[in-house]
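Listed in order, the protein sequences are those of chains A and B.
All letters in the first sequence, in the order written, are residues 138 to 485 by our numbering.
All letters in the second sequence, in the order written, are residues 406 to 861 by our numbering.
Read the hints as simulated data drawn from the structure, not as lab findings.
Positions of the beta carbon are idealized from the N, C-alpha and C atoms, including for glycine.
Hints should not be assumed to be uniformly reliable.
[Claimed, not checked] Rough simulated footprint, nothing fancy, chain B against chain A, three-plus residues with beta-carbon under 8 Å:
#1 333-342
#2 365-379
[Claimed, not checked] Short, incomplete list of chain B residues facing chain A, as computed with Cβ under 8 Å:
#3 426
#4 452
#5 618
[To be verified] Pair ranges (Cβ atoms, derived):
#6 A:168 / B:436: 47 to 55 Å
#7 B:599 / A:375: 25 to 33 Å
#8 A:340 / B:636: 22 to 30 Å
#9 B:746 / A:297: 40 to 48 Å
#10 A:316 / B:522: 49 to 57 Å
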Amino acid sequence: MTTEFDSHVRRMVAWHFDPDTGSPFWLERRPGLGFDPVRDVSTARDLLRFPDVSEELRTVPVTDLVPRGLRERPFRVFESGGTTGTPKRIVDSEARGRMLAWARDRLTDLGVPAAGHWLHLGPSGPHVVGSDVARHAAMGGGVFHTVDFDPRWVKRLVGGGRGALADEYVEHLLDQAATVLHSQEISVLNTTPPVLEAICARPALHDLVRSRVKAVLWGGMSADQETIRLLEEEFFPQAVVAGVYGNSLMGVAPQRVPRPGDSHRCVFEPHPGTTLVQLMDEEGAEVAYGERGRVRLHLVTEEMFLPNVAERDTAIRVEPVPGASTDGLADIRTLPSLGRSEIIEGVY
Amino acid sequence: MSPHRPVVIDPTVAGRTVPGVDRAPLTGVAGGPLAEVGQAPRLLAVSALRELRGQADGTPPGAEVFRRAARLFTEATLDGETPAEYTRRVTLGTGLTARTVRRSAAEIAAEMADLTAVARAELPGTDFGPGRRTRWVPRGRLFAAVLASNHPTPNSSWLQALFHGYSVLVRPGSRDPFTPRRLIAALLAAGLSPHTVAFLPCAHAVGEFLLKEADRGIVYGGDRAVAPWLDNETVAVRGPGRAKALLDVEPDDAVLGHLVESAAFDGGTRCTNLSAVLTTGPVGELADRLASRLSALPALPASDPKASLLVLERGRAEQLEHQIAALRETLDDHTARFDRHDPFVRLADGSFLPRPLVLSADRADHPALGTELPFPFVVVAPWREEDGIAPLRRSLVLNLLTPRRDLVGRALLEPSIRKVTTGTALPWTSAPGIPHDGSYTQFLLEPKGLVGDGAS
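Next up, chain A with everything else stripped away, as it sits in the complex:
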């Protein structure tokens, strides 16, 4: 089923564990693995043999993550949201750009305008999504509008019982969004479900968005089925509403085109070339189609090798569309708590 991915895995494992091309991070860990990755890893299934090193991404010097074979390339560092404590860091040079080009095609398949200007009401700075959305706008020849948006500050407010202040912060973001929308032509709005809820709760702003925007993209946090229905049918019926699942580590998994008989309104598909998402039960076995499992992520590019990462999300496993081999993911949920630090979901 995943033979193409299997050979990609073999090539990439050989690359990451070659002393000339691999990253100091993985080369250092090779002796402690208890198996020889170059000899013993031949299929995607073997990725499950690797330890989940994602916790170490919170502290490892990021230069250790850059493969020696790519030292000439310029790298950027991105951080995870910081929902579960200290953020995890990844490095990226070109791989994410290739994934975004693929994602752009997926979004235009859904009816998102190929050209036009974008407004991003979400994190930027160390968070990868801001840079992603800027690149989406650029790929279509559009302009990228945004506002300063600090999700960690909001989480700190919510976590500290200062929800009223968090609400005020969101209002501040919305005021800025309204200013942009009043004078600028915006085709695509990219934001999070909580911000969309706040927009919908402000009738004048909701009317403004509704009258201007041709596509509403949501991501960064999960949305339940009824919320998706309300966004699509009631609040933005004239626009394309599409979800994009993803994060700094896994990349983006845009919603695929709905098909007759789909069990869910919104089914996400990860990037088949570099990303494998498996949904596991509590015993560590993959769940059947239609069942809910915990997200286990394998990201395999020449820049980052992140096998076997247990994510904080669960999802329903959906059969691949005919002719494809990638499972769909539906009805994403965040686990109530992980380890010691409680997950605080804010506006992103």
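Given the structure of chain A, go ahead and fit chain B onto it with the hints provided.
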């Protein structure tokens, strides 16, 4: 197998059921599944607020709708639910006795049938001479009610708002979605315009959102639930009642019986149930006598006709046990000597019954004084003249059993004492016009001048 399958309860907006929401199981006090309750996400609340606000014009539905609905509520089969099935569900959901649930339903219906009298009694005259009138009108269009599950009667708060012309969004208590759902079904069957009401079981955060967005609202709950709304003039706050009594007379049988009933009526679940007694007499002796009487109350499942005490499911019982263990560290337990039962009795049906509990403190300013628990729970403490009014503060009801007449006036002047009863009048004794906690009708309505030949 239980003959009763869990009932599915989904949000309703303007008469439409919203079936696509996530559902949360409601487990009954005996441990079995009782209902699957659809949880309205925030965007559904946004949508409901928008829809109701779009249609709200402030026109009251008319007293006749409420009179008809009152009868249907107590007598009719609504959404396939008979009155007996309603009682069973609330009993299993809340742990209140079936008797309390039936009595509450009758009380709600009686008030519903005569909301005009309540309003008339709480409003001043409107005739100020020829061509000079006032009219009392709603202070806004939308009303949000965030309910708790301790007792069904607080539902009358949103019924009053609806009666006066508000459109209402109800967030039921998590253990009693049944009462507001049935009331709404009765009102719709009685002719209420569907676009005036939304029923939104939801997370607490969504309930807070409703309170924030509505023009007026009411919130019931513990200290934590109500804290954000204490200084908010658009939200009426109904937190723990901390009802107290000052016992400054020799307690005879009648007085002791009165105190026991004040503490234990409806299983101690009302916000007006007695939580503390301050006494000028010997503290230990009074605590013993109250404990002895309370220990005579039987330990029976809530469905038993002779039952009078609240039961809980295991999880809440365990939580309460921890809370009580902490209280016992600084207070003396008087119940253990008189009660032959364990503090938490495991009943045959799987529910847990916390036994009435009397503890005593050695001083009037003990921090545990005013602790409110959802079963007959009384802290007895000493009071001396020089303690003054301070230990009696923060009381929804203060019962004065004292010959010191001046205390009545001083208590009434104390802002945090909301009602005063004297002698053996029970704390919840009321009549239209006797405020529960300030004038609720004037919280809902405001007067407007209407002057000229159109005023009549």
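Inset, instruction - Indicate whether the distance between the beta carbons of residue 168 (chain A) and residue 436 (chain B) respects the range 47 to 55 Å. - result: Between residue 168 (chain A) and residue 436 (chain B), where Cβ atoms are some 53 Å apart, the hint holds.
Legend entry - Beta-carbon spacing of residue 340 (chain A) to residue 636 (chain B) - inside the hinted bounds 22 to 30 Å or not: 27 Å, holds
Inset, instruction - Under 8 Å, Cβ to Cβ, is where residue 426 (chain B) needs to be relative to chain A, so tell me if that hint holds or is violated. - result: 5 Å, holds
Inset, instruction - For the hint on residue 618 (chain B), just tell me whether its beta-carbon gets within less than 8 Å of chain A. - result: 7 Å, holds
Legend entry - Supplied distance hint 49 to 57 Å, evaluated on CB atoms of residue 316 (chain A) and residue 522 (chain B): 53 Å, holds
Legend entry - Assessment of proposed distance window 25 to 33 Å (beta carbons of residue 599 (chain B), residue 375 (chain A)): 27 Å, holds
Legend entry - Whether chain B covers the region 365-379 of chain A (at least 3 residues having a Cβ closer than 8 Å to its Cβ atoms): Satisfied; 5 residues make the cut.
Inset, instruction - Take a look at whether the Cβ-Cβ distance between residue 746 (chain B) and residue 297 (chain A) falls inside 40 to 48 Å. - result: Cβ of residue 746 (chain B) to Cβ of residue 297 (chain A): about 43 Å, so the range 40 to 48 Å holds.
Legend entry - Proximity test - 8 Å, beta-carbon atoms, the region 333-342 of chain A to chain B, at least three hits: Since three or more residues must qualify, the claim that chain B covers the region 333-342 of chain A holds, with 5 doing so at under 8 Å.
Inset, instruction - Answer holds if the nearest beta-carbon of chain A is closer than 8 Å to that of residue 452 (chain B); otherwise answer violated. - result: Hint on residue 452 (chain B): holds, closest Cβ of chain A at ~6 Å, below 8 Å.
Every hint from the earlier list agrees with this structure, and none is contradicted.
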